[in-house]
Amino acid sequence: MLDTTFHALARGFYILAFACFLKWIRALWKRPFPANAPKLVSGYPVVGALQFFFDQNGFCQKARDASATGNYSYYLGGDRVVGLSGPEGRKTFFGNRNLDLDRGSALLIPFANVVETPDDPSIDTHSSHLRFALRTRLLRTQSLEIIPAAMETCISAALKRMGDKCLIDPFVEMKLLYTQSTMAVLGVDEVAVTLNLSKKVGNLISTMEGTFSAIDMTVPWPLNPLHIPAGIAMGRLCVIMLRIIHDQKRQQQQQPNKRDPGKQNMLQDMIQMGWSTRAILKGNTPTVASWILMGLATDAQWMARVRQEVDQVILKHRKNGEPAEEVLRSLHVNTWEKEFPLLHACLLETVRRVVMLVLTRQNISGADVTIGDTGEVIPPGAYATYNTCEVTWDSDVYPDPQRWDPGRFLSDRTEHLKEALAYTGFGSGRRKCRE
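Under my numbering, the sequence shown has 306 at position 161, and the numbering climbs by one with no breaks.
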């Protein structure tokens, strides 16, 4: 028995060593950049730009400052990457149709393309079908009015839960509310109305975040031990969602008129199109919402202004003396979008300060992509990155950028309009989060 176990472990070790050897060979052989690519940042033989894995913002700033144009080239493992900066870099990154967002995610998420994404838009697993499913099922079929109605129960329960506690951790509460409300909008009521199941789903999704490291450049991701928790969480999440889908289909067969026809099977359609629940739920919404609460709680002036704005909207739309909760519950989506400029400014400012990302794209064309009028290019097949902190924390655009000041986005200041694409909190150009 011991001999069998020993031989199995030895065989597994040899397989791991051989896989790592192949990975190292590929990483050691680096396709050279063309002569008109931006200045190359030196790195290590296998992993490339090691600092990028530990301090992305610091690496991007240092490389930008060392380049005459602000653009720079570097390697991550065997992948060629071009870092963009400045107005021309932003315009190219967000506006060029040959820089693909979905393909670019594979650079920093090793298992992003486990399900192969075809180039043919007519195939169901093409990335465009997620946007089509959301627009058709959610926006056009039911209109936006379903969103407040679907979230109402979740919000009421969350407010009661937080009111009973008196002292709350906003990051915990907002993550739970985000999970519940998203599941409610997608029609997964089983998760939305069950507190323990909502917590479980939210924790599983959190486990799958932040799995990118330098080890991915030296070890194939299926053999990377750091991915074991994420893999287990992904499997458990799939089991939960598939079980819910199975129960929904059975209920639909038994009671076809009971479920909302506009919401049913929306999640199932998106999963069958190749989108994981993590892709549907991932985002910074809970974190941003938590920091909005933190900002208002520590700034008495802005808290008073926002309270006054909410009171004015309630007074304007109140009929027959309804309580404030009923007035807010009855507001149309257009009212929420148009009549709360101060709250909107708080959202924009919080996103500016909190969401510090390095965005990625890939040049999917067979030709070089020119970076504005710099004379530099992004070679075919190479990745492009853009550090959002370059502009959102630029003191020339946003004076005293570390200070939380929603007034930057009001009509009398509009600091975000000083430069083209000076606000990238929701993406920009051809692909935005709110699309």
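One thing to keep in mind: the hints can contain errors.
[To be verified] Okay, derived cross-link-like pairs now, DSSO-like style, lysine-lysine, Cα gap no bigger than 30 Å in a straight line:
{"no.": "1", "residue 1": "K310", "residue 2": "K236"}
{"no.": "2", "residue 1": "K344", "residue 2": "K394"}
{"no.": "3", "residue 1": "K483", "residue 2": "K236"}
{"no.": "4", "residue 1": "K310", "residue 2": "K345"}
{"no.": "5", "residue 1": "K305", "residue 2": "K461"}
These are computed hints drawn from the structure, not numbers from a lab.
Status of each hint after checking the structure:
A C-alpha spacing of about 47 Å is found between K310 and K236, which places the hinted pair above 30 Å, so the restraint is violated. This hinted pair checks out: K344 and K394 have alpha carbons roughly 24 Å apart, not beyond 30 Å. A hinted pair counts as satisfied when its Cα atoms are at most 30 Å apart, and K483 with K236 qualifies at roughly 28 Å. With a C-alpha separation of about 21 Å, the suggested pairing of K310 with K345 holds against the 30 Å cut-off.
For the proposed pair K305 and K461, the alpha carbon gap of about 26 Å is at most 30 Å, so the pair holds.
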